[in-house]
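A.B. asks: Based on the hints, put chains F and W in the right spot on chain S.
Protein chains in written order, with our numbering: chain S, 1 to 253; chain F, 254 to 613; chain W, 614 to 682.
Any given hint could be a false lead.
As the list claims (entries may be wrong) - Listed below are several chain F residues computed to face chain S (Cβ distance under 8 Å; list not exhaustive):
| # | residue |
| --- | --- |
| 1 | Val302 |
| 2 | Asn305 |
| 3 | Glu307 |
| 4 | Ser308 |
| 5 | Glu311 |
| 6 | Met315 |
| 7 | Gly318 |
| 8 | Cys322 |
| 9 | Lys435 |
| 10 | Ala439 |
| 11 | Thr440 |
| 12 | Ala447 |
| 13 | Thr451 |
| 14 | Leu453 |
| 15 | Lys458 |
| 16 | Leu461 |
For the record, the hints were derived by calculation from the structure and aren't laboratory data. Idealized CB from N, CA, C, for every residue including glycine.
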Amino acid sequence: MDAALEKVSAKPDLLLSTKHSLCPGCGEPLALRTILELVQELGLRERTVCVCGIGCYTAFPSIIDVDVIQALHGRAPSVATGAKRVLPDRFVFTLQGDGDMVSEGLQEIVHSAARGEKFTAVLLNNGVFGETGGHMTATSVLGQKTKTTMETGRVAERHGYPIRIADVLAGLDGPAYVARGAVHTAAAIAWTKRILREAFEAQLAGRGFSFVEILTMCPTDWYVEPSESADWVETNFSGTYPLRILKGGMMVR
Amino acid sequence: MTRVLLEGSHAIAEAAIQAGCRFYAGYPITPSTEILEYMSHRMPQVGGVCMNAESEIEAINMVWGAAACGVRAMIASTGQGISLMQESLAEMANAELPCVVVNMMRGQGDYFQATRGGGHGDYRHIVLSPHTVQEGVDVVALAFELADRWRNPVDVLGDFLLGHTAEAVAFPSRDGREPPAKPWAATGARGRRAHNVTPLGSPEKLNLDPGSHHAAIAAKLPRIAAAEQRHETGVLDDAEIAVVAFGSPARFVKYAVRVCRERGMRVGWFRPISLWPFPADALAGVATRVRALAVFEQNAGQMIDDVRLAVLGRVPVVAIGGISHDHSGFGVGPALEPDHIVARIADAYGQHVASRTTEG
Amino acid sequence: MRRAATVTIDVETCKGCVLCVEVCPPKVLVMSELTNTMGYRYPLLLDGCTGCELCYKICPDFCFEVYRA
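The following block holds chain S by itself, in its conformation from the complex:
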């Protein structure tokens, strides 16, 4: 009665190990899987140079089967600039968290985008400095409890406002493609894969700087159960950071 079963899903070929130390329910590995699937599907392994920032995701360079340049906190866009300028036919992308890119490295990402440097910047945005234990970043939303805003949550009077970096970059002339996705539901993951593909294709076609922000769950530093983190994204996060294409969209909707 049973027809032969075929394997239809397994870990990406470009993932060298499933053992990582990120938390239960973390969204970053879901973003990574999507990226690795695309690199594989587009046949880019032998041309890829990933430039990785500093955060929880710094665990990834050791377990992915592409060349990686490990950069310092905030500096990946400058490192990627040097790499792509000297090896323009390689596929160069950065992998950075919000603390890395929007706090420490705001200057680096804005100038790289303004210059239209032809790499793809990928932002894993969970609104906290996860690796240091969950402190406020430039993207933490108003009201968000973090280790440095525990009593009141983020309040504008004391802590200022978050920066919607995708919107800032979309307002510059340099970027060819700017989009925002998330990984808290299967539908969001599918959307994110589509916009990542568009961003990668913008680089491959030589159209210029491309940027994808991915909202990732951090149940540990959001103080929720993993099963509550999808709701947390919808209730507290994606209102400030709506999922959409901000510049350069080619998709027919």
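C.D. replies: This is chains F and W only, laid out in the frame that chain S set:
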């Protein structure tokens, strides 16, 4: 050999181009700016890249990226700009990235910054100190070779005077020597396993092992120290006092020593060319033959620490230099007048030699 | 007739986040009582898997392989 009249900054930049440097990033800052200017028009001519970066930190990290991809890369700045870059300069040693860092100093107050390292951790840069524009050319070529040989940043310390003095220089022949192959570089994993270029630990996948990685890098330092000490000396055979100086001021010291000799003082000079590793072995040897060492440097006393460490109390070490600036603050002050230097040497001679002639 | 499908679960890699249990449309995943060597409970598969792959998509630890006819 054909000689070309070039000002120091341009000569240093051209020497880098001829050594195969194909990536430069910089930020305008006196007295290094002319290197950036020269590179901005010369790099495109050789198919290289020159980035006028929006900040020093961005510039050094662009150099990081180019170097990590296996390209010879250089940056130039002055002390303040080098200060801004320190985290990256420290970690590029941990990432074992070759690159050349030129500090066109204002005076000589960046000796500690270069030789001790202004960054964190146990790293060192090789530091080379030319005293003429021709030596600047020679040292830049050497810097790229040493950077590739040891997979470590190499600093070249120039200064305002060197940068803005024009001399006729000859560029060393490459003899068809290409930069070495760099299989460790991040170029896309074509036909090989993927690897990392990282300051955090092993370049291998699946096993970061930071402890072993950092221990291996630290173990490199004594090997570099044994192999790369460089210096030159003059008029030391019967010298009672050796004047120790580096960089442009050493050129003035050579002249002052000649004047002292004409006045009957038995004085010689010792010029470190590598500041790290400091030529301690050679200087210790000199200390066995003189009554005192007089250190002439344009700062509040920095190289003098290394001089003292090299001789370990064997002879008196006296400071005869000091901070000296003109009204612009860029370090060409009255202390560089030959008469002034001669007077300081004569003082030291009087204190340590003349009063002891009866003792033979 | 529902097509044949199943998943394999690497229970030693599971960190007990329960996202797969929440996302499974036919509700054929339940958390164990026992724990793995990391100390986490892990999902067990009941009959009725449709091979929709949602568990694979939502798992941050790459525990699932999905098989379909």
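A.B. asks: Can the hint on glutamate 307 of chain F be confirmed by a CB-to-CB distance to chain S that is less than 8 Å?
C.D. replies: holds (5 Å)
A.B. asks: Next item in the hint list is leucine 461 of chain F. Is there a CB on chain S closer than 8 Å to its CB?
C.D. replies: holds (5 Å)
A.B. asks: Can threonine 451 of chain F be said to touch chain S, with a Cβ gap under 8 Å?
C.D. replies: holds (4 Å)
A.B. asks: Does the CB of cysteine 322 of chain F sit less than 8 Å away from some CB of chain S?
C.D. replies: holds (5 Å)
A.B. asks: For the hint on glutamate 311 of chain F, just tell me whether its beta-carbon gets within less than 8 Å of chain S.
C.D. replies: holds (4 Å)
A.B. asks: Go through the hint on glycine 318 of chain F and say holds or violated, using the shortest Cβ distance to chain S against 8 Å.
C.D. replies: holds (3 Å)
A.B. asks: Close enough to count: is the Cβ of valine 302 of chain F nearer than 8 Å to one in chain S?
C.D. replies: This hint holds: valine 302 of chain F lies near chain S, its Cβ roughly 5 Å from the closest one there, short of 8 Å.
A.B. asks: Could you check if lysine 458 of chain F really has its C-beta closer than 8 Å to a C-beta on chain S?
C.D. replies: holds (6 Å)
A.B. asks: Given serine 308 of chain F as an interface hint, is the shortest Cβ-Cβ distance to chain S below 8 Å?
C.D. replies: OK, holds: serine 308 of chain F within 8 Å of chain S, min 6 Å.
A.B. asks: Quick check on the hint: asparagine 305 of chain F CB to chain S CB, less than 8 Å?
C.D. replies: Violated. Min distance 10 Å.
A.B. asks: Tell me if alanine 439 of chain F is really an interface residue toward chain S, meaning its C-beta lies closer than 8 Å to one of theirs.
C.D. replies: holds (4 Å)
A.B. asks: For the hint on alanine 447 of chain F, just tell me whether its beta-carbon gets within less than 8 Å of chain S.
C.D. replies: holds (5 Å)
Checked against the numbered hints listed earlier, the structure breaks hints 2, 9; every other hint is satisfied.
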